[in-house]
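Protein chains: 2
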Amino acid sequence: MTPYSAATGVENVLKILEGRWKLIILFHLFGGKTLRFSDLERAIPAISQKMLIQQLRQMEADGIVRRIVHHQVPPKVEYCLTDWGQALCPALDALLKWAALKDRDLSGMEFPADETIGGTV
Amino acid sequence: MTPYSAATGVENVLKILEGRWKLIILFHLFGGKTLRFSDLERAIPAISQKMLIQQLRQMEADGIVRRIVHHQVPPKVEYCLTDWGQALCPALDALLKWAALKDRDLSGMEFPADETIGGTV
DNA sequence: TCTCCACCTTACTTTTAGGTAAGTACCATA
DNA sequence: TATGGTACTTACCTAAAAGTAAGGTGGAGA
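Protein sequences, first through last, are from chains F and D.
Everything in the first sequence is counted per this note's numbering, starting at 711 for the first residue and increasing by one.
Everything in the second sequence is counted per this note's numbering, starting at 711 for the first residue and increasing by one.
What the hints contain is simulated information worked out from the structure, not anything from laboratory work.
In this text, all values refer to a predicted model and were calculated from it rather than measured experimentally.
Treat the hints loosely; a few may be bogus.
If chains are identical, the list can't say which one is meant, so a pair holds when it fits in one copy or spans any two.
[What the hints assert, rightly or not] 30 Å max Cα-Cα, derived DSS-like pairs, lysine-lysine:
hint, residue 1, residue 2
1, K760, K812
2, K807, K786
3, K786, K812
4, K807, K725
5, K807, K760
Make the full structure from the sequences, and use the hints.
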């Protein structure tokens with residue numbers, strides 16, 4: 711595993727998470743919640759409809775969000791996370807735990823070399 | 711912990727990692743390596759000097775890279791990761807492991823609800 | 001017939017990240 | 001006096017992301 715391939719792997723993950731609104735949408739859907747388009751609009755007042763749909767569509771294309779259309783008038787469309795999307799939770803938790811280490815004493819701790827990155831995969 | 715605060719926490723981490731070149735620099739420095747500016751230039755041929763210094767300075771400001779100046783002519787400046795920077799390794803590994811789950815059977819797995827995000831911190 | 005709701009779509013503008021190319025400082029050596 | 005090696009700095013340009021505002025669809029109820 712070269713620095714390049716490891717970086718590329720992480721970059722591909724970050725691409726899924728990047729975007730001004732993706733994380734906030736994600737955290738609204740964590741825990742198996744199912745929300746309508748209008749629920750998300752209300753939950754995130756600052757987002758525009760264009761941005762909301764754009765981010766949702768990208769997350770759907772990436773496979774972390776499932777879109778459920780009920781053919782009715784007026785329309786009803788629901789969004790929830792896929793199993794894979796739910797599985798993001800512990801990985802994001804690892805990032806938060808890392809952030810919380812800042813300014814703590816890390817002396818004496820051992821961290822793996824980059825050769826081990828993704829080694830368990 | 712609200713969806714908003716959890717998302718903000720993760721966003722702050724992503725800000726540190728975002729940028730066209732940060733991860734590749736990071737992976738070159740993982741494992742306790744210390745490299746000169748010119749070493750990094752050689753290791754990452756596609757990067758311009760402006761971009762290299764810009765990303766290094768941001769990473770230094772974020773506290774994940776340490777800059778060591780040797781006052782000589784010609785100049786010699788070395789870069790390595792801080793302890794905190796090294797500690798990123800397992801968190802990035804978690805992201806790679808998650809990516810590897812795609813298209814696998816996740817049925818029967820239990821994932822924590824968002825209320826638990828960062829709960830151990 | 002008119003309005004309304006929910007879920008988008010489109011056109012346009014602004015902001016920001018990134019890229020290119022050139023220049024600077026320092027002194028050592030030829 | 002001129003050249004070169006190292007680590008930057010500056011000015012300018014381009015492309016992608018994000019924001020704003022308006023329009024569209026398709027029936028249900030007034």
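Okay, the hints, checked on the actual structure:
1. K760 <-> K812: between (37 Å within a copy, 28 Å between copies)
2. K807 <-> K786: neither (38 Å within a copy, 35 Å between copies)
3. K786 <-> K812: between (44 Å within a copy, 28 Å between copies)
4. K807 <-> K725: both (21 Å within a copy, 16 Å between copies)
5. K807 <-> K760: Answer is neither; intra-copy 33 Å and inter-copy 32 Å both fail.
Of the numbered hints listed earlier, those contradicted by the structure are 2 and 5.
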